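When you get a sec, could you build the whole thing from the sequences and use the hints?
Listed below, chain by chain, are the residues.
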Amino acid sequence: MVDATHGPDAHAAEFPDVELYHPRSWWTRYVFSQDAKVIAIQYASTALAIGMLALVLSWLMRMQLAFPGFLTFIDAAAYYQFITMHGMIMVIYLITALFLGGFGNYLIPLMLGARDMVFPYVNMLSYWTYLLAVLVLVASWFTPGGPTGAGWTLYPPQAILSNTPGQESGIVLMLVSLILFVIGFTMGGLNYIVTVLQGRTRGMTLMRMPLTVWGIFIATVMAMLAFPALFVACVMMLFDKLLGTSFFMPALVEMGELLPHDGGSPILFQHLFWFFGHPEVYIVALPAFGIVSDLISTHARKNIFGYRMMVWAIVIIGALSFVVWAHHMYVSGMNPYFGFFFAVTTLIIAVPTAIKVYNWVLTLWRGDIHLNPPMLFALAFIVTFVNGGLTGLFLGNVVVDVPLSDTMFVVAHFHMVMGVAPILVIFGAIYHWYPKITGRMLDNTMAHLHFWVTFLGAYLIFFPMHYLGIMGVPRRYFESGDISFQPPSAHDLNIFITVMALIVGAAQLVFVFNLIWSIRHGKPSGGNPWRATTLEWQTPETPPVHGNFGRELPVVYRWAYDYSVPGAAEDFIPQNQPGTNPPHSEAPRKRKGTKP
Amino acid sequence: MSDPAVTHTDPQPGLTGFVSDWSSDKTAFKTASWGKAMIWIFLLSDTFIFSCFLIAYMTVRMSTTEPWPNPSEVFALEIGGVHMPLILIAIMTFVLISSSGTMAMAVNFGYRRDRVKTTVLMLLTAALGATFVGMQAFEWTKLISEGVRPWENPWGAPQFGSVFFMVTGFHGTHVTIGVIFLLLMARKVWRGDFDTGKKGFFTSRKGRWEIVEITGLYWHFVDLVWVFIFALFYLW
Chain Y
1 MVDATHGPDA HAAEFPDVEL YHPRSWWTRY VFSQDAKVIA IQYASTALAI GMLALVLSWL
61 MRMQLAFPGF LTFIDAAAYY QFITMHGMIM VIYLITALFL GGFGNYLIPL MLGARDMVFP
121 YVNMLSYWTY LLAVLVLVAS WFTPGGPTGA GWTLYPPQAI LSNTPGQESG IVLMLVSLIL
181 FVIGFTMGGL NYIVTVLQGR TRGMTLMRMP LTVWGIFIAT VMAMLAFPAL FVACVMMLFD
241 KLLGTSFFMP ALVEMGELLP HDGGSPILFQ HLFWFFGHPE VYIVALPAFG IVSDLISTHA
301 RKNIFGYRMM VWAIVIIGAL SFVVWAHHMY VSGMNPYFGF FFAVTTLIIA VPTAIKVYNW
361 VLTLWRGDIH LNPPMLFALA FIVTFVNGGL TGLFLGNVVV DVPLSDTMFV VAHFHMVMGV
421 APILVIFGAI YHWYPKITGR MLDNTMAHLH FWVTFLGAYL IFFPMHYLGI MGVPRRYFES
481 GDISFQPPSA HDLNIFITVM ALIVGAAQLV FVFNLIWSIR HGKPSGGNPW RATTLEWQTP
541 ETPPVHGNFG RELPVVYRWA YDYSVPGAAE DFIPQNQPGT NPPHSEAPRK RKGTKP
Chain B
1 MSDPAVTHTD PQPGLTGFVS DWSSDKTAFK TASWGKAMIW IFLLSDTFIF SCFLIAYMTV
61 RMSTTEPWPN PSEVFALEIG GVHMPLILIA IMTFVLISSS GTMAMAVNFG YRRDRVKTTV
121 LMLLTAALGA TFVGMQAFEW TKLISEGVRP WENPWGAPQF GSVFFMVTGF HGTHVTIGVI
181 FLLLMARKVW RGDFDTGKKG FFTSRKGRWE IVEITGLYWH FVDLVWVFIF ALFYLW
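Top to bottom, those sequences are chains Y and B. FYI, UniProt numbering numbers position 35 of the first sequence as 35, with every residue one higher than the one before it. FYI, UniProt numbering numbers position 201 of the second sequence as 201, with every residue one higher than the one before it.
Note that these hints are calculated values from the structure, not bench results. Any given hint could turn out to be false.
[As the list claims (entries may be wrong)] When the alpha-carbon atoms are kept at most 25 Å apart in a straight line, the in silico DMTMM-like pairs for lysine to aspartate or glutamate are as follows:
1. K26/B <-> D17/Y
2. K30/B <-> E552/Y
3. K36/B <-> D17/Y
4. K36/B <-> E14/Y
5. K206/B <-> D492/Y
6. K26/B <-> E552/Y
7. K198/B <-> E19/Y
8. K241/Y <-> E146/B
9. K36/B <-> D46/B
10. K36/B <-> E19/Y
11. K26/B <-> E14/Y
12. K199/B <-> E19/Y
13. K30/B <-> E14/Y
14. K26/B <-> D75/Y
15. K199/B <-> E14/Y
16. K206/B <-> E14/Y
17. K199/B <-> D17/Y
18. K188/B <-> D17/Y
19. K241/Y <-> E152/B
Computed from a prediction, not measured in an experiment: that's the story for all the values here.
In structure tokens:
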């Protein structure tokens, strides 16, 4: 246990607050570690492991939809439990935890030139609380009645009524798990925000931060303001369930009996839930936006187009996403003027989002595009996100949303925009940063196989769902039975989708195998295999050791996007490389006379 | 380019200063330590939790079909044969606001590195806080003995009891945590941990004097929240 400012050579720029904890045993180094990089790997492994469970659940649901009755253990109750757990795990315990807990922990300190997060001890507690939340969630499989089958939105009153699967204890464990998740996330989130605001190295201004950090930062700010609504909703529903209060429960007759509840407001839960739920969409999207900007810039060897606009677009999207939540509630019934308001704000979000898409495309334009796995996933993200975004314009309008709301169209929309798209970025980011984390490259052949099957397969799964939805095939139905308006082709399509889902799911095993196999057998990568500019690639050791940067912190002289600078010796200039030639790099450079 | 970034050493006033702070390197808040930045952001998040609770309370008060009990009467006490509405709540509010005063003085003496006075004032704050929680326990007991439950009460809408126990309970938990934290920190101040650099039991890190102010910020926040609960639940 010594200060990081060790020895007489300590850099003058070191923060007086820095006090690194130096582990002395295997336990404090790898298990109860306070090092953000270890915590990041713990977060990511836990998230990926629980995500595999959610993947299997989606297989089971697809099996039921395509071949009803083939798997005899899937009854209606089990199907609803699968839906609920699949949705909740994917949205919260996988994507949110992986982006913020995983990439946030790994990249924020390294990219900003910090030794660690600002409160490493609290950061450690954050992971263990998250793990506890995951365990509580998984525990609900082993309780009488199993996990809750209330749907991932957990709408009351049905969520706690006696005919909903898992109402014995599954719903209680789900709510407790969410409360724990919020508490754990708050501890991590405080770290991410304060590190970005107060822990940057010398020369690292906010407007020199890589867009990855911007995306994660704004997403964390949003999460700190949105998760309180989820927390409150969970507490109140827990009271409704356990204490018999009536926050969300109106007077109800169930099985001919008047329930003891009276006078609550189910719509209140929807407001609280979606005040969390809509920002949540952008909590998973903004880190993806940021990461994909860096992937595109690095692998197209070009500076990001419109950096400032990209930053402000992230900020504006973050702010706007707090005033659109009721577009999830058009069918719940509301004053038409509210519908008008929320439709307008929803459509306005398309403007900053479109700016980002144009800027990605303009970054690619005349770039030196390397079609390696991270770039392939980044390109796949752009087209997928545009696709999902366009159907969002449909669903943002009240009159179009009302008939489509309970159909497969919605399933297709949100899987494209907040399921497939962020996951593609997660894959791209793992292919991109794996060399830094392990010192070895992932196998390229397996990566290409993984990419093409996942990308094309995901389209073959979700494209037909739009068609099913417009035909009127409802979502959340255990089986459709004999419904005259559905042509037989709808069922053929269902079978096709299921087969594709099984194939895409299996392709993820290739990815997992690649992750494990390459730790030992991957090609050694060196410190900066992508020839990237950001600080995490400039560490003296790969993988970076405790304290990240050796004796002296790096000093930043330029933005993160000095690629292919005319007149420079190499086609990239690291952020910590001093020098006035080429000129101060934030200023727009003239590219006149340079060969494309 | 000798210096990597424009860093203003002299703080500038107004909007210019704000812009130059935020466009500088290392820190956005030039005078705030990591701990203080952390507690402010935490309190912002906590504000959203209490806001959600209070908005939810107003919503169920509107949605319930039964009449809302009159808080002035529910929280009235007979003292010496005199009927006094809201008297206990008034005393509780006075106690809690006073504790903010003693906390502010503790912070002041903390910055003067006056161990004895800081300790005494922190303990006094903790005592006032504990008194507040004690009176809240008395209030809960009284209402429970009169038949108020989270799911019902003798005077009207069942949500009255639900909201009462939930909101005051959540706030009381905050006060209790504050009292415990004050006691622990008062002990450290008294022992001189912040001068000798003694490492914390859990974190293995040296404490700093500024923890007194951080505790104070939390304490003032808990007070401020009470003012809103008082106004919106008891007076309305």
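Status of each hint after checking the structure:
1. Under the criterion of a C-alpha separation no larger than 25 Å, the hint pairing K26/B with D17/Y is consistent with the structure, at around 12 Å.
2. Restraint check for K30/B and E552/Y: the C-alpha separation of about 22 Å stays at or below 25 Å, so the hint holds.
3. Distance check on the hinted pair: K36/B and D17/Y sit about 12 Å apart at the alpha-carbon level, within 25 Å; holds.
4. The straight-line distance between the Cα atoms of K36/B and E14/Y is roughly 19 Å, inside the 25 Å bound, and the hint therefore holds.
5. Only pairs whose Cα atoms come within 25 Å are accepted, and K206/B paired with D492/Y is rejected, the gap being roughly 67 Å.
6. A distance of roughly 15 Å separates the Cα atoms of K26/B and E552/Y; the hinted pair therefore holds under the 25 Å criterion.
7. Note on K198/B and E19/Y: the hinted pairing holds, with a Cα-Cα distance of about 13 Å set against a maximum of 25 Å.
8. Taking the CA atoms of K241/Y and E146/B, the gap is about 24 Å. The hint holds against a cut of 25 Å.
9. As the CA atoms of K36/B and D46/B are separated by approximately 15 Å, the hinted pair is consistent with the 25 Å bound.
10. Proposed proximity of K36/B and E19/Y is supported: the alpha carbons are some 16 Å apart, at most 25 Å.
11. A hinted pair counts as satisfied when its Cα atoms are at most 25 Å apart, and K26/B with E14/Y qualifies at roughly 10 Å.
12. Taken as a hint, the K199/B and E19/Y pair is honoured in the structure, with Cα atoms around 11 Å apart against an allowance of 25 Å.
13. The straight-line distance between the Cα atoms of K30/B and E14/Y is roughly 15 Å, inside the 25 Å bound, and the hint therefore holds.
14. Taking the CA atoms of K26/B and D75/Y, the gap is near 57 Å; set against the 25 Å cutoff, the hint is violated.
15. Taking the CA atoms of K199/B and E14/Y, the gap is near 21 Å; set against the 25 Å cutoff, the hint holds.
16. Annotation: proposed proximity of K206/B to E14/Y holds, straight-line Cα distance about 17 Å (limit 25 Å).
17. A threshold of 25 Å between alpha carbons decides the hint, and for K199/B with D17/Y the separation of about 15 Å falls inside it, so the pair holds.
18. Pair hint K188/B plus D17/Y holds up; C-alpha atoms about 19 Å apart against a cutoff of 25 Å.
19. About 15 Å separates the Cα atoms of K241/Y and E152/B, which keeps this hinted pair within 25 Å; it holds.
In summary, the numbered hints that this structure violates are 5 and 14.
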